[in-house]
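Q: Those protein sequence lines, which keep their order, are chains E and L. If you're matching positions, the first sequence starts at 1 in this note's numbering and goes up one per residue. If you're matching positions, the second sequence starts at 1 in this note's numbering and goes up one per residue.
FYI, nobody ran anything at the bench for these hints, they're computed from the structure. Since this is a predicted model, take the numbers as computed values, not measurements. From the three backbone atoms N, C-alpha and C, an ideal C-beta is built for every residue, glycine too. Treat the hints loosely; a few may be bogus.
Claimed, not checked - Which residues of chain E face chain L? A partial, calculated answer using Cβ under 10 Å:
no.: 1; residue: Val42
no.: 2; residue: Asp45
no.: 3; residue: Asp105
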Amino acid sequence: MGPGFRMTIGAGPGEVGRVNAAFAEFADAQALPAAIRRSVGVALDELLSNTIRHGFAKAGQAREGGEVVVEVELCPDRLRVTLSDDGGPFNPLDLAAPDTALPVDTRQIGGLGIHLVRRLMDEVDYQRRADRNVVTLAKRLDGGG
Amino acid sequence: MDITTRTANGVTIVAFAGNLDSNTSPTAQQALDGILAGGATRVALDFTALDYISSAGLRVMLGTAKRLKGAGSGLHLFGLNETVREVFDISGFSQILAVFAAEAEALKGF
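Input sequences plus hints: build the corresponding full structure.
A: This is the structure we're talking about:
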């Protein structure tokens, strides 16, 4: 196991910000290249805000107790991120990619976040495992992809 | 997220420092709403100190650009770092928003 951290957040406002702050601190301590740190920062924001907005709401009941476990691990050649939540089954990768060629008047934002994650990361995977949604990401450190 | 505003040649320049994400975009929205409510029609966003932007921030940019469409007005952006530029390219925003390399071009482009 390489260096990393693990934290659990709830669904409240500011919880995604706590992960951003923890990740920024980890990235500084490990001297991660700025491009890697920023790309992963975007991916974390997209996926966590999605989960809190859609995943927890989908159960159709109050989900104040919902939690997301965030694990970050620095491997020799890549940064690995695992996000696991206890919301209802929700595969963010099912969201259709938006039409990115539409003009300003008709552009919609829906689905754009996941589109960004797919393009910024080298690997994105979803599994429903033991009543949890588990999304894993990998970003190569050599800047490829 | 720090937001500072200044004026040059009749253009309101709004500088963002930090991240424009789900956490900070409401603050950015509020700031831009206030600037537009104050009558600004030519607005340039200085992204020189912006670390990254996610779709929540893009939503704010799109809404502001739509409201500034029309003769003699507009939204210009400059100072994008490599990652912000990549996000703009992937999302197609490089084509639909007026992106400039530096402040001088952004101010002249209206």
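Q: Each hint: holds or not?
A: Against the structure, the hints come out as follows:
no.: 1; hint: Val42; result: 5 Å, holds
no.: 2; hint: Asp45; result: 4 Å, holds
no.: 3; hint: Asp105; result: 7 Å, holds
The earlier numbered hints are all upheld by this structure, with none contradicted.
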